[in-house]
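Given the structure of chain A, go ahead and fit chain B onto it with the hints provided.
As a plain string of letters, each chain reads:
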Amino acid sequence: MADISKEQVKHVAHLARLAVTEEEVEQLTKDLGAIIDYAEQLNELDTDNVEPTTHVMDIKNVMRKDESREWITQEDALKNAPDQKDGQFRVPSILE
Amino acid sequence: MSLFDYTIKELEEKLHNKEITVQDLVDESYNRIKEVDGEVHAFLTLNEEEARARAKELDESPDAAAALFGMPAGIKDNIMTKGLRTTCASQFLDNFEDPLYDATVMEKLAKEKPVTIGKLNMDEFAMGSSNENSSYEPTRNPWNTDYVPGGSSGGSAASVAAGEVLFSLGSDTGGSIRQPAAFCGVVGMKPTYGRVSRFGLVAFASSLDQIGPITRTVEDNARVLEIIAGHDKMDATSANVEVPKYTDALTNDVKGLKIAVPKEYLAEGVNPEVKEAVMNALKVYESLGATWEEVSLTHSKYAVATYYLLSSSEASANLARFDGVRYGVRSENADNMIDMFKKSRSEGFGDEVKRRIMLGTFALSSGYYDAYYKKAQKVRTLIKNDFDKIFEDYDVVLGPTTPTPAFKVGEKIDDPLTMYANDILTIPVNLAGVPGISVPCGFSEEGLPIGLQIIGKHFDESTVYRTAHAFEKATDYHTKRPQDLGGAK
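Just so you know, the sequences run in chain order A and B.
Letter by letter, the first sequence follows residues 1 to 96 of the numbering used here.
Letter by letter, the second sequence follows residues 1 to 489 of the numbering used here.
Not one of these hints is a red herring.
Think about it this way: if two alpha-carbon atoms lie no more than 25 Å apart in a straight line, the pair counts; the simulated SDA-like pairs of lysine to any residue are: (1) A:79 - B:337; (2) A:65 - B:242; (3) A:10 - B:320; (4) A:60 - B:384.
No lab work stands behind these hints: they were computed from the structure.
With the rest of the complex left out, here is chain A (with noise of 0.2 Å):
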């Protein structure tokens, strides 16, 4: 079984911002020691000399030029929204 805790999985869920509780930090241990457990054959191979592959085309930067047009009004935009104020998003407060 790869290294990996419960802590670690505490602090990627952090970072993934996913509420987990203890017993999901429990069973995505055990997954993830187990994907990643299996993810190590890849160092079978040597790779050294090898460049990564980002993208399957040869695909430079794609410029366009900087010019305004017409996409969504403020109203679209926000309808979707699951809450709002004065043509804004709402959300919760940031500082407790």
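Just chain B, lined up with the frame of chain A:
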């Protein structure tokens, strides 16, 4: 006999000769949905009122130039449809009733005037191989509802197989079009990466995702792809490569075609019935004048591990947008903003989605990035090189789509690694970015379909279609229907 036993071309003639109307086609869809969807669960949202109004409108103004005129279509629920609920089969988007825009594929389709029947079930955010990760009632296999339809485009494949729509769109990140197409006995194409715009496809793994058609015949599939393919300035990764008329490639001639068969694709772990069906397919190709040789995709056994590291890493970044601020369901139990992010995501996402976000976040986190993410990117290069090398000498690569026919509901859901292994033959294709199709090539003793996978060079969908079409013309697997073999009536 169903109207959907005809091809698009045949239906077009019937419409033209006034033997049928668009309203008949749309009736066929909704009648069939009422008959079987209580069992199959292919649809998450129906567009019935709009579709019927649209059918009437189309009947009043026939347009022989529109290539999909009046054809009933189902759309996977991770493709944005303006004003039509789009949930990705996630509770997080359960209330997303009013998407603001159409995906580019929907705009392209609209020009050819099909009718959107509804939105199709899937594994949540396209993560899964069985549809059991849908947060709604999972889709079942129309051939036998004790079995899974495959995933993640399970609704897309099942709806076509069950005769609920004439064609559907799915998306394929590691096999999500081809694997359910194989399990449901229909034709499913994953185009070359960059061939079809991803604008408006809710992103799972952006370097792997592609939208593609699912149909009953290769001819219909080619017709839909030639409409949705092409460069799009809204997707910087879409390729500026000319789109051939794929239907012109269906010459029924494979004389001299050079087929490569990777020995890893017929190795241990591949079910004997599947192996036999593929060997029979090779005999068919021999009889048509093609030749085949065994080759090696040396690194294919590393594909599943590579894929799960890369796709989960990309997913962890892509799914960061679901924060409960702009759309979706916000948790009502939060005190502050960070708490609101965490609780909304935890309440809205299912177990598999959380597992992959966690894996991806871990693989990208400080101290682990080089060991996991970068390592996987390097192995991806090796897998891509394997394909490049084979395609120097061969026209297509051929093998099974999946190691086994459809498995039973509940059989693999508790063990993520066993579930992931099911995609071992489709994943290398996404990692290399090449096109691949699954076509029906037989049935198991239990009466479940088996899929033949044909893989081509980058941007050479034409040869893939030609190869698939010649096989279809020489066999009758694609004419079988679930209801004739004890499946959903």
